[in-house]
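Which chain is which? The protein sequence lines are X and P, in order.
For the first sequence, counting from 1, position 13 maps to 73 in our numbering; every step adds exactly one.
For the second sequence, counting from 1, position 66 maps to 1143 in our numbering; every step adds exactly one.
Since the hints were made in silico from the structure, they are not lab data.
Beta carbons: idealized from backbone N, C-alpha and C, even for Gly.
Careful, some of the hints might be misleading.
[Claimed, not checked] Computed from the model, here is a short list of chain X residues facing chain P with C-beta under 10 Å:
no. : residue
1   : 92
2   : 129
3   : 133
4   : 169
5   : 172
6   : 177
7   : 183
[Stated by the list, open to error] Partial list, computed: chain X residues near chain P (C-beta under 10 Å):
no. : residue
8   : 82
9   : 83
10  : 87
11  : 113
12  : 115
13  : 185
14  : 186
15  : 193
16  : 195
17  : 198
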Amino acid sequence: MSFTLTDTPLDPAALMRGLADVRAGACVSFEGRVRNHSEGSRVDALDYEAYGPLARTEGERILAEARERFAILGAACVHRTGHLVPGDLAVWVGVCSAHRGPAFEACRYIIDETKARVPIWKKEHYAGGATEWINCATRGPHAPGAGP
Amino acid sequence: MKTVRIQYFALLREQRGVSEESVTTGAGSPGELYRDLRKLHRFTLPQDRLRVAINEAFGSWDAELRDGDTLVFIPPVAGG
């Protein structure tokens, strides 16, 4: 079980090899990629920033929770930091288990909890040069409570 | 008075203009300190949108501030 931050490109095949286990009949992975659009705006790039020490402890806690909740053999999550462009891999989650059900469920749990809890931030760069820290608006259409 | 180290990330880092600083303060808790700093530096995020980390672990806004603590005010996260 490991949660890792890295500022270099992710290699899904190598990451999955790290979970190799002959007891595993199912290996599920999730690739979170940079989209070229966000709520109608064209996105040219993203910056990811993390609070390393706490991101790692919270990420490890999520992996430990997944192991308690689901019958899995191994799990890992790796998140990028730095400057990414559309198509780049931003986050990778891999889970192996004896049968497929727990692997799918644990993979979903890990990515959902990582997005909700781990101190990682995303700044979008839009066509035309504007930027925005996602989820941090305090006025305008993206502020909490302002949406439909 | 006590001196604490503050690390800033993301929107707060940009609004403060530095990644970290030492602050000598009479505030008794992280919540009081954030209220003071928000006024001073015009941080846009209200306290109820943030979490606080004390010495690299999630902490409480009304914890007692101790000399030498390292604090991080954590803006809404957006990994993935």
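We went through each hint and held it up to the structure:
A least Cβ separation of about 5 Å between residue 92(X) and chain P falls short of the 10 Å threshold, and the interface hint therefore holds. Evaluation of the residue 129(X) hint against chain P yields a violated restraint, the C-beta minimum of about 20 Å exceeding 10 Å. Against a cut-off of 10 Å between C-beta atoms, the interface hint on residue 133(X) is violated, since the closest Cβ of chain P lies about 24 Å away. The beta carbon of residue 169(X) comes no nearer than 13 Å to any beta carbon in chain P, farther than 10 Å, and the hint placing it at the interface is violated.
Because the beta carbon of residue 172(X) sits about 9 Å from the nearest beta carbon in chain P, less than 10 Å, this interface hint is met. Interface restraint check for residue 177(X): the shortest CB-CB distance to chain P comes to about 7 Å, inside 10 Å, so the restraint holds. A cut of 10 Å between beta carbons decides the hint on residue 183(X): the least distance to chain P is about 7 Å, and the hint holds. Taking 10 Å as the C-beta contact cut-off toward chain P, the hint placing residue 82(X) at the interface is violated, the least distance being around 31 Å.
At about 29 Å, the closest approach between the beta carbon of residue 83(X) and any beta carbon in chain P exceeds 10 Å, and the interface hint on this residue is violated. Look at residue 87(X): its Cβ only gets to about 20 Å from chain P, farther than 10 Å, so that hint breaks. Hint on residue 113(X) holds. Least Cβ distance to chain P is approximately 4 Å, under the 10 Å limit. A cut of 10 Å between beta carbons decides the hint on residue 115(X): the least distance to chain P is about 8 Å, and the hint holds.
Nearest Cβ of chain P to the Cβ of residue 185(X): about 14 Å, over the 10 Å cut. The hint is violated. Proximity of residue 186(X) to chain P is violated relative to the hint, the smallest CB-CB distance being about 15 Å (cut-off 10 Å). For residue 193(X), the shortest C-beta to C-beta distance to chain P is roughly 4 Å, which falls under 10 Å, so the interface hint holds. With a cut of 10 Å, the hint placing residue 195(X) at the interface with chain P holds, because the nearest CB-to-CB distance is about 4 Å.
Because the closest C-beta pair between residue 198(X) and chain P is about 4 Å apart, less than 10 Å, the hint holds.
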